[in-house]
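**Q** Respectively, the protein sequence lines represent chains S and D.
Position 335 of the first sequence, counted from 1, bears residue number 335 in our numbering, the numbering being contiguous throughout.
Position 23 of the second sequence, counted from 1, bears residue number 23 in our numbering, the numbering being contiguous throughout.
A hint or two may mislead.
[To be verified] Here are some of the chain S residues that sit facing chain D, going by a computed Cβ distance under 7 Å:
id	residue
1	G68
2	L98
3	R99
4	P199
5	V208
6	S209
7	S212
8	I214
9	E221
10	Y222
[To be verified] Straight-line Cα separation of at most 35 Å, DSBU-like style, residue types lysine-lysine; simulated pairs:
id	chain 1	residue 1	chain 2	residue 2
11	S	K224	D	K4
12	S	K205	D	K59
13	D	K25	S	K224
14	S	K224	D	K72
15	D	K4	S	K205
16	S	K157	D	K7
What the hints contain is simulated information worked out from the structure, not anything from laboratory work.
Ideal Cβ positions, reconstructed from N, Cα and C, are used throughout, including at glycine.
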Amino acid sequence: MGKKIGITGNEAIANAMRLANPDVCGAFPITPATEIMQRFTTFVSNGQVKTEMVLAESEHSAMSACIGASAAGGRVATATAAQGLALMFEMLFIASGLRLPIIMGVANRALSAPLNIHGDHSDGMAVRDCGWIHLYSENAQEAYDNMLQAFRIGEHKDLRLPVMVGLDGFITSHSIQTAEYLDDDVAREFVGEYRQTLPALLDIKHPVSMGSLILTDYYHEYRKAFENVMSMVPAIVEEIGREYEKISGRPYGLYESYRLEDAEIAIVVMSSAAGTSKEVVDEFRDKGVKAGLLKPRLFRPFPYTQIAAALKHLKAVAVLDRADCWGASYGPLFTDVSAALYGETNRPVLVNKIYGLGGRDYMPDQAEYTLNELVDLAKGGKVKALKEYIGVRE
Amino acid sequence: MKLKTWKELPAGAAITEPGSARHFKTGSWRSYRPKWIEENCIHCLFCWVYCPDMSIKAKDGKMTGIDYDFCKGCGICALECPGKQGKKALVMEEEGK
Chain S
1 MGKKIGITGN
11 EAIANAMRLA
21 NPDVCGAFPI
31 TPATEIMQRF
41 TTFVSNGQVK
51 TEMVLAESEH
61 SAMSACIGAS
71 AAGGRVATAT
81 AAQGLALMFE
91 MLFIASGLRL
101 PIIMGVANRA
111 LSAPLNIHGD
121 HSDGMAVRDC
131 GWIHLYSENA
141 QEAYDNMLQA
151 FRIGEHKDLR
161 LPVMVGLDGF
171 ITSHSIQTAE
181 YLDDDVAREF
191 VGEYRQTLPA
201 LLDIKHPVSM
211 GSLILTDYYH
221 EYRKAFENVM
231 SMVPAIVEEI
241 GREYEKISGR
251 PYGLYESYRL
261 EDAEIAIVVM
271 SSAAGTSKEV
281 VDEFRDKGVK
291 AGLLKPRLFR
301 PFPYTQIAAA
311 LKHLKAVAVL
321 DRADCWGASY
331 GPLFTDVSAA
341 LYGETNRPVL
351 VNKIYGLGGR
361 DYMPDQAEYT
371 LNELVDLAKG
381 GKVKALKEYI
391 GVRE
Chain D
1 MKLKTWKELP
11 AGAAITEPGS
21 ARHFKTGSWR
31 SYRPKWIEEN
41 CIHCLFCWVY
51 CPDMSIKAKD
61 GKMTGIDYDF
71 CKGCGICALE
81 CPGKQGKKAL
91 VMEEEGK
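Let the hints inform the model, and build the full structure from the sequences given.
**A** Written out as structure tokens, the structure reads:
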């Protein structure tokens, strides 16, 4: 079996990359993801991987190098955060549109301005519609497990899509936590070798052109085809999660359901804040309140039907967003959860809380405040504000 | 050519047929068209050399005409044409006139 050790989230991502042994890694350092590449380049220097490192002059170039290498048929991985992810924006669409399975760790961080290096989801949410698969991790353990599975998901013969694996900047990326690594041999066997199943550039017998101009006669069809392949993602994420559970003992699906089955109220929250929230859910359970929690893991494509099925029996739900769509009424996670539930005739009362921006600590009292409000709403109380900033000085 | 449905497209918009650009007739972009006046042509083939596309047709070292399926009407051929005794062998005319 694997061994339990103390690691940072960044170390977890770097180790998963080591086990996948990518052919090429194009990268540029940025806080709080820098440690991922720092550790990974050490593996390269020590000969523990056979990866060709391309140290680019910007994230735009780093992603461009990844795109070229992936189009040529290589296994490709990288990491970034915040402004770096923003600088990659243009290339992210190209990676997905060309169906290139680039695997990227993202230490989620606030976007400037005001300049801030700490954890929130503004970066990931800003690129939520770039056609990448998004997996979000609560802690270092999930970062490691998600990163390993991301290679299998993205490189799956029916998908071949890029995947980003989010972990909360500093909170998860830099905190040392207990986690269990798989034995290297077991992990390597799980990740396997990447086999190109769709046209690649470097196939002399079947040459192709990629990145060509597709105008009004075909662009719409290509996007429909893309939407179709994205719809196949959830089933494959579940299939690979079941396979991973067999070797790790840790179950992975589209989301984590915590004390939700018999619950009346629930918090929906992604990544590290789920840990704190679960503690408070337990406290409410001890008081006899039927509280639960749903933590989305697969955020893109958003598993609308599955999440609706998991939440529709509840009386009141608070969706917590660590990002906001300023001026567009609600946070991004709330928008998706409410859209998911729209088709249900019986659905919970929904409220949206914006928390933890720019690394503001999410404390148990914020979860308590939210759950107390849900208790009131479940009894037929009136919604005071559909969207509210919590943990903010008024 | 019958257009394909979304179910028939290669993944990632890859072009799997070499030389398929010849099916994509780009001449319709043109707003001015070069007109070849054969009696003024000295067959220097400057037009063939300068054409940024491959729209000047030539055979056995002689200019034979213009491929309007791909000529975008940039006018470089007409600009470079030395003509004969000051008379251009290539002149630009507005499309549709």
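**Q** Compare the structure with each hint and give your call.
**A** Each hint tested on the structure:
no.	hint	in the structure
1	G68	14 Å, violated
2	L98	4 Å, holds
3	R99	4 Å, holds
4	P199	4 Å, holds
5	V208	4 Å, holds
6	S209	4 Å, holds
7	S212	5 Å, holds
8	I214	5 Å, holds
9	E221	4 Å, holds
10	Y222	5 Å, holds
11	S/K224 x D/K4	13 Å, holds
12	S/K205 x D/K59	33 Å, holds
13	D/K25 x S/K224	25 Å, holds
14	S/K224 x D/K72	31 Å, holds
15	D/K4 x S/K205	25 Å, holds
16	S/K157 x D/K7	17 Å, holds
Checked against the numbered hints given earlier, this structure breaks only hint 1.
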